[in-house]
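Undergrad: The chain contents come next:
There are 2 protein chains.
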Amino acid sequence: MGVREELRRRFGPRALLARAEKEVYRYDAILVGESPLAVVLPETREEVQALVRLARRYGLPLVPRGAGSGLSGGAVPEEGAIVVAFTRMTRLELFPEARTAWAEPGVTTARLSEAARPFGLFYPPDPASYRTSTLGGNLGENAGGPLCFKYGVTGDYVLEVEFVDAEGEVHRLDRRAYDLPGLLIGSEGTLGLLTGARLRLLPLPPHRATLMAAFPGVEPLAEAVSQAIALGAVPARMEFMDPACVNAVEDYLGMGLPRGEALLLVETDGEEREEVEAELALLQETALRFGARVRRAKDGAEAEALWRARRAVSPALGRIRPKRVNEDIAVPRSALPKVVAEIAELGRAFGLIVVQFGHIGDGNLHPNILFDPKRESEERVWELAHEIARVALKHGGVLSGEHGIGLMKRAFLAEALDGETLKALRAVKGALDPHGLFNPGKVLPP
Amino acid sequence: MGVREELRRRFGPRALLARAEKEVYRYDAILVGESPLAVVLPETREEVQALVRLARRYGLPLVPRGAGSGLSGGAVPEEGAIVVAFTRMTRLELFPEARTAWAEPGVTTARLSEAARPFGLFYPPDPASYRTSTLGGNLGENAGGPLCFKYGVTGDYVLEVEFVDAEGEVHRLDRRAYDLPGLLIGSEGTLGLLTGARLRLLPLPPHRATLMAAFPGVEPLAEAVSQAIALGAVPARMEFMDPACVNAVEDYLGMGLPRGEALLLVETDGEEREEVEAELALLQETALRFGARVRRAKDGAEAEALWRARRAVSPALGRIRPKRVNEDIAVPRSALPKVVAEIAELGRAFGLIVVQFGHIGDGNLHPNILFDPKRESEERVWELAHEIARVALKHGGVLSGEHGIGLMKRAFLAEALDGETLKALRAVKGALDPHGLFNPGKVLPP
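So the sequence lines, in the order shown, correspond to chains G and E. If you count the first sequence from 1, position 323 lands on 323 in the UniProt record's numbering, and the numbers rise without skipping. If you count the second sequence from 1, position 441 lands on 441 in the UniProt record's numbering, and the numbers rise without skipping.
Same shape as in the complex, but just chain G (with noise of 0.2 Å):
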């Protein structure tokens, strides 16, 4: 009996083997793999250890996958492999007491955040595609999101997880002694399969606000927030982008939005009236001194209308070029504009188009370079990016804020780490998956 013959009898319909059925699977939101050689949709954790049995005694690859809207290609498989397709495991129990929720991975991220709010509680981990991406792809990839720089990444909120080693075995732990969990969270199923975590939730704060400022460009822009930052302010969220990133939302909502200006979007959150208030006014003094016109959202509803233009970035982009190359860099705030500029005239040298946007509060760029294949050279596209990547360490940067390094830039790695400290990488690897099982091509250099 072959592979498919007894993955078929094993998961039944869960098991696809057509290769209409398997096609979606090869995407994530940015990059295409290879057709893989199944999708297995498992529903329970007994599943997954026999998953991994089955796969270890045909030596053929896993590939763990949640919502496949992750940015590095983390869940693109490669030939052959097989997929481990994780949106039927959506149990959720939470733990209002305890603060807490226990979930499976294919729980979407809004689902948590949204059965917490009856108790005043939520998730803060936000990554913008929250509405569909699985927190088991947020752990693999670590996801932060706009609410990450005043409340920290997932792993900052697990405190437990359940996983399938290399064995087939079922391992639970916290994170005491060896956090491996910690090892876990951001390894892109490179390490082991998660089949649950152990999640802290927040009290809601009750009052927010929200802010919106339009600079002349990004260097004033990226001063203010420097500035802003060093007196003292803890926004719950500060988003920017740049004109051309602006130009594109304007032309895809028609909201009214200051075209050719850098906006900055800043969100204030607290348990008092008092403190939300007084944190916006110094963000708002500080815009002004930096030559800023300023609006502040005066309810709700204008507040959820300026973030609106945030989320639509993704899609405003798709409208000028069919393709883009979405980076994720991290630098130093210091380095913010001269970062950007550099970016921009990088850009301009190679003939691209690229727009950039973020959270600058915390120096988290994605460059975003837009291009139709028909039109541009891939391989020109590839050679910035890589210039782009080389920026961001030029000025004591990271190479990944929070999508992970997945396909993408696991070649940029090799520069990014010396060969010394990639072989302790590499240990860790052959530790807990001596077979080379789990995602294979994934975080590590070729």
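Because the hints were derived from the structure by calculation, they are not lab data. A few of these clues could be false.
Copies of the same chain are indistinguishable here, so a pair counts whether it falls within one copy or spans any two.
Once the Cα atoms are required to be at most 20 Å apart in a straight line, the calculated DMTMM-like pairs of lysine to aspartate or glutamate come out as [claimed, not checked]: (1) K22 x E78; (2) K423 x D174; (3) K423 x E167; (4) K338 x E219; (5) K394 x D174; (6) K150 x E97; (7) K394 x E160; (8) K423 x E169; (9) K423 x E160; (10) K429 x E167; (11) K429 x E169; (12) K22 x E79; (13) K423 x D433; (14) K150 x E160; (15) K338 x E97; (16) K323 x E23.
Just so you know, these numbers come straight off a predicted model, no measurement behind them.
For this one, chain G is given, so just place chain E on it according to the hints.
TA: Chain E only, in chain G's frame:
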């Protein structure tokens, strides 16, 4: 040339070889180990590298050590080991604009916070020993402290680490890709030797307020805490002492604490006076509902006096019996009243003095068994310690809230984790320390 001669040549007077000089390096704050072969006080990363290579050549284990204020035996040497005392590596560099600091492992916890204060910043992890404990030791044990309920533990503030591996190579890396820094944090020096860390600082909250509540017993105290937190309170610090502990501190300080009652100390902090007051009022009302008498500190000096009572617990207990076993369990808050009662009952059954205190906000309890080896059987004491650990596990708790596993709790770890999970932890240890060079006999059970 033998190892002693080689150490003397390389490190001069910073290689301690005489018995009398080495004696003090056998202890931490709770256990006494064997006399080491030598104690070395490196001053640079390069010296740490040289020491690792030398130890490998001679096949001798290395035991890293900070101030020796640990409470789990993590820094206690085994026979013939070389102790690496990091107290001379004390370089500290502040980057106020980035809200970070780069610290060598010998910098004391208090010094970092003091250096940050003029910039309106602070470093939240505050183990009780923070005046003497070193950041290297804090990282090794992933130390917590009263502030950790609101602000998280040491690991939450580590952005980057530098460490020397088993080959004597230096690595410096942040927490992207595989979170190797996270793995080293809490590993008690068993995976590599930390030579530096980039730490995150927070803006110092301008307002704070303190409240003391005296309850007729631990049970209503635990209920009140549980309920206040369920209502949304996030105090900065929340500590409790059981009546035996209150009596001991009052005998020691004579400051008018209410004998025979259970004490709760709460501090709230924040950006706005109103927020701080509202949070304290919520806690006050809840405490009153559970029969407490409540006293608000009217100013900073009075608050400081109340917190001094908490910090006096350790010396106060030392006056009752010369030795103690200080446990560090963490249990779900809802289980607190039961756990405290069961542990008190166990103490009575064993005929040993047990006092309890700790960071009740996150369920982190420190049951202490006080004993005099001349009057009480040490074997019975450890039997009782083991039983207390079992109470924690039975109620869904863990064995180490913030002190680490060390030597003291590694046998208990075998009960807390299943064989397969231990195998995974051993695989990680084997990958990073293949020759068993680093702090053998710690963390992992025999």
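Undergrad: Of the numbered hints stated earlier in the document, which are not met by this structure?
TA: none
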